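Listed in order, the protein sequences are those of chains L and A.
Letter 37 of the first sequence, counting from 1, is numbered 37 in this note's numbering, and no numbers are missing.
Letter 75 of the second sequence, counting from 1, is numbered 75 in this note's numbering, and no numbers are missing.
Below are the SDA-like pairs computed for lysine to any residue, each with C-alpha atoms no more than 25 Å apart in a straight line: (1) A/Lys207 / A/Pro163; (2) A/Lys75 / L/Glu24; (3) A/Lys75 / L/Arg16; (4) A/Lys170 / L/Leu11; (5) L/Lys27 / A/Lys84; (6) A/Lys170 / L/Arg16; (7) A/Lys135 / A/Leu33; (8) L/Lys12 / A/Lys3; (9) A/Lys3 / L/Val6; (10) A/Lys166 / L/Glu9; (11) L/Lys87 / L/Arg4; (12) L/Lys12 / A/Gly88; (13) L/Lys27 / A/Asp76; (14) L/Lys75 / A/Pro4; (15) L/Lys75 / L/His44; (16) L/Lys27 / A/Gly78; (17) A/Lys138 / A/Ile60; (18) A/Lys166 / L/Leu99; (19) L/Lys12 / A/Ala168; (20) A/Lys170 / L/Leu7; (21) A/Lys75 / L/Ile68; (22) A/Lys84 / L/Ser22; (23) A/Lys135 / A/Thr202; (24) L/Lys87 / A/Pro4; (25) A/Lys170 / L/Leu95; (26) A/Lys170 / L/Arg97; (27) L/Lys75 / A/Asn69; (28) L/Lys87 / A/Met98; (29) A/Lys75 / L/Glu18; (30) A/Lys170 / L/Val105; (31) A/Lys75 / L/Asp26; (32) A/Lys84 / L/Arg4; (33) L/Lys12 / A/Pro113; (34) A/Lys84 / L/Glu24; (35) A/Lys3 / L/Gln77; (36) A/Lys135 / A/Leu62; (37) A/Lys75 / L/Leu33; (38) A/Lys84 / L/Arg96.
No lab work stands behind these hints, which were simulated from the structure alone.
What you are looking at is a predicted structure, and each value in this text was computed from that prediction instead of being measured.
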Amino acid sequence: MAIREVLEEELKNSLRMEQRYSEELDKLPQGSLVAKRVKGHVYHYLVLRDEAGQVKLVYKGKVEPEEIARYAEIKQQRAQYRNLRAKAREQIRFLRRALRAEAAV
Amino acid sequence: MQKPQYELCCEVLRRLRTQRVLPYLVLTGSWCLLLYRQYFERDELFSSLRTRDMDFLVPIPLNLRDKINIPELLKDLGFLTEYKGSAGYMQLIHPEVMLEFLVPQRGRETDRPFDLPQLGLNAQRLRYMDVALMKPIKLMFEDIPIRVPHPACFALHKLLVAPRRKEAFKRERDVEVAVELLGLLFARNDQPVVKEIFNQFTGSWRKTVLNVLVEAGQLSLRERLAELIV
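Extracted from the complex, chain L is given alone in its bound form (with noise of 0.2 Å):
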């Protein structure tokens, strides 16, 4: 059975998959909204980080429900699709360690 060939089958598919994720996250719209509540009223504001990486808060004023419920599902999906993404990270370090190992047999 040709173990190598498979794993680097395999690593070359994770490495695809890590670049596809990271495409996905490229797309998403950055910042995650938070409602504050000043002196009874609920004002919306986009948490981001700049270019220098401080975060910034971006006031968005009255925002429908529709838009909170986007952004829900946007956070959601950033979760997820890093999730996902460190998981290609870790099998590409696995399967080099692998592949590592299999050329110094």
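Given the coordinates of chain L, assemble chain A onto it according to the supplied hints.
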């Protein structure tokens, strides 16, 4: 099989079943081997390394009553749609499993994907896939009945496609699996099914299968198979 991978496969199959698509599909590729353990009633069989590809063969014409969009159906599980190669075959990728859809290549050879608007995707055309559709059997994946090719069809198909494989390791793996399966089928007196399938092959297909066995040094198996020709 790893637990998350197994659970994800079950969930994919459950969703396809709920949408009433699963009865139309035939699971092919290395995942069938896992299910053949049930057929042969031996859990220790086929422990060989398996890739993440899970291939579904779609019989054409596909007479689905309701359209469904499979990429949308599986999106919330984290599957992404990927277009493979220059031809652009669709593949649904996930770190645990990669789904591909296949249809039999009929007529002139072409790289063009086969559109399946009823499923919201396209499929790769592959030569000789009709063999896998000759005698599908139902086996259980957890609590989900799923159609797979009869092991005789699977084995003979592997021998038929082996010479077309570009990668030597895939060719070797095909022959290795086919030889093991045919050995198991003969051991449980399943010759009538092998005979039935093999005799549906054209003369040139049978010749290819027998030649592959000679090249692999499986002379006694070649003889047993040749004896089945009527």
